[in-house]
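Colleague: Spelled out, the chains give:
Number of protein chains: 2
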Amino acid sequence: MINNILSAAIRASNTGNMQAYSIIVTKDPEIRRKLWEAHFKQDMVLQAPVHLTFCADFNRFSQWCLCRNADPGYDNFLSFLTGAIDAVIASQNAALAAEEQGLGICYLGTVTWMADKFIEVLELPELVVPVAAISLGYKDENPGLADRLPMNGVIHREKYMNYSRDIIDEIYHDKEILPETLELLKENKKETLAQVFTDNRYTRRDNRAFSVKFLQILKEQGFMNNGDQ
Amino acid sequence: MINNILSAAIRASNTGNMQAYSIIVTKDPEIRRKLWEAHFKQDMVLQAPVHLTFCADFNRFSQWCLCRNADPGYDNFLSFLTGAIDAVIASQNAALAAEEQGLGICYLGTVTWMADKFIEVLELPELVVPVAAISLGYKDENPGLADRLPMNGVIHREKYMNYSRDIIDEIYHDKEILPETLELLKENKKETLAQVFTDNRYTRRDNRAFSVKFLQILKEQGFMNNGDQ
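Respectively, the protein sequence lines represent chains U and Y. For the first sequence, the working numbering assigns the number -8 to the initial residue and increments by one for each residue that follows. For the second sequence, the working numbering assigns the number -8 to the initial residue and increments by one for each residue that follows.
No lab work stands behind these hints, which were simulated from the structure alone. For clarity, every value in this text was computed on a predicted model and none was experimentally measured. We treat Cβ as the ideally placed atom computed from N, Cα and C, and that holds for glycine. There may be inaccurate statements among the hints.
What the hints assert, rightly or not - Here are some of the chain U residues that sit facing chain Y, going by a computed Cβ distance under 10 Å:
(1) Leu57
(2) Phe68
(3) Tyr129
(4) Asn216
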């Protein structure tokens, strides 16, 4: 089952067929416990038997170049971005292949926040940085589909059409009157759902701290030699 | 058909259900001609009737916050990275939904190289940056599957295992003896396939120039207020 999922992942579209990503499959409970700690102790990392970490990886490609009398120039931000895009495309192939086989999946956004910990635990060398993580396992509940913005909230025709106040009101209306939204406002003692995000879940302070940390990690992993310093 | 593809795209997993991305569907031939120019005049952009551009987008979410008495803090690098990951996951949902309906797709990596042009042509406001692009249409050829590295070239078990010279030789062997590889070496007058990449296709010089440009674009689009300057 895992092999089917991984086979689907590595068929993914990628940049120039360089396949500038790696996938780390972690089943070992001790290592998963360390990953769980780094993922802010989110339960599913311990509960689900398989953890996949998708990394931007120009290490392998650069090693190949060095073995083939070629001079690799992939220690820069564009190469990181290329590898990150390749890794995320592969991750979604894995996610859909897993769901097709009846498994449940959960992406863990904490992978970018705590990238330094995953580098340590998974022993990622230079030019390898984690960008997506998925927990995989049999579901023991069926929560139904999460709400999404309506089509015209996300899709633009021909060019980008900026949002008027009226459109914002319209596209967020259904989300704002969900029973779980009203519950959240009560729990968090907030006036609006947006405040739950800005004040509690994704604050400017945290976002800035994680930004500085991630850019520092890119430098340490060798991805910021852009020739401009 | 396009609506099925877009419906699949907007169902995609995303960070905190913020859906920090937008999809721009361009059919207009005049606008597609401008996109084609920016995509290094790659034929498929003109030939395929539909062009999808996937953007990291914290503009909509921030507008919503401002309308709801909440203070958005998404003008930083972490927020860009989050939106980019959300956008790429959605792009792969779109790609697979298109293929399932018998269409052909092609990702265009030029979208990050020339991001400034797409910002101009598609009129992307602050906090919106393109990260993936797909051309969609009926296929008029069936090129078969592209080669990929074997499973052990991309997958690591438990932790990252770095590549020895022997492993590099093994995992690149099949690619290196393909008839199209030998053809490429002759055409490009190179000793090794790796040199075709480092000297012609993805050079250090270009990668550095695109790195500096993309980081500048992140700044101009308002994604580099990390609080550290």
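Colleague: Take the hints in turn and mark each one as holding or not.
Modeller: Cross-check of the supplied hints:
1. Leu57: 9 Å, holds
2. Phe68: 4 Å, holds
3. Tyr129: Hint violated; tyrosine 129 of chain U Cβ to chain Y Cβ min 18 Å, cut 10 Å.
4. Asn216: 8 Å, holds
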